[in-house]
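Peer 1: Sequence:
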Amino acid sequence: MTAAAKNDPKSDTKYDPKSDTKYDLKADVNRRAAALFAAIDDYDEAAFLAAIDALAAELPEDDADALFHRGSARDSWGHSDLAVPLYRKALELGGLTGENRRRAVIQMCSSLRNIGEVELALETLWAERELGEDHLSDALDCTIALCLATTGHDREGLSLVLVALAKHLPRYNRSMANYGRALVE
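Position in the sequence shown (from 1) plus 101 gives the number in the numbering used here.
What you were told as hints is all true, and nothing was included just to trick you.
Cβ-Cβ distance ranges computed for the label pairs, FRET-style:
| id | residue 1 | residue 2 | range |
| --- | --- | --- | --- |
| 1 | 254 | 279 | 18 to 24 angstroms |
| 2 | 233 | 143 | 32 to 38 angstroms |
| 3 | 275 | 139 | 32 to 38 angstroms |
| 4 | 224 | 266 | 22 to 28 angstroms |
| 5 | 286 | 147 | 47 to 53 angstroms |
| 6 | 199 | 154 | 17 to 23 angstroms |
Source of the hints: derived by calculation from the structure; they are not laboratory data. C-beta: ideal position from N, C-alpha, C; glycine also.
Kindly generate the complete structure, drawing on both the sequences and the hints.
Peer 2: Here it is, written out as structure tokens:
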């Protein structure tokens with residue numbers, strides 16, 4: 102089987118892990134979930150949720166990554182109320198692989214904001230921020246900014262967004278970051 106067929110979420114060809122001694126089911130499910138999310142616009146809601154649920158069902162019922170993918174799918178279709186319990190359970194179980202743990206925190210907190218639990222979201226996000234920086238730090242700060250805006254702290258939120266954005270500008274990086282920090286000094 103070609104690598105393309107193995108990773109194509111719409112492929113009718115099923116990959117047989119028993120024929121591959123180096124096969125890692127969880128890594129394979131995570132790869133295929135990423136491919137499904139990349140193609141989300143090719144699906145209607147019911148078909149996408151069914152595809153993610155079928156993929157998640159390949160892992161044990163209480164697998165944190167399976168719960169995370171199911172939560173992410175519901176979140177992507179605007180069902181924050183259905184996503185939060187799945188994220189919570191995934192985080193409580195532990196064992197989320199790679200960046201899925203941090204993504205689960207960010208996505209859960211965004212959903213918490215959507216369902217009116219903004220204070221809990223902020224508390225969780227600030228604690229996550231203390232764990233250090235990585236390639237998801239800007240997404241974390243943007244989610245904090247949304248929560249701050251929801252609580253009437255627009256200026257603080259704008260400061261975070263400007264500092265995060267400044268790193269990605271072709272010029273004016275230093276100035277924009279300084280302006281962002283100055284908003285809250």
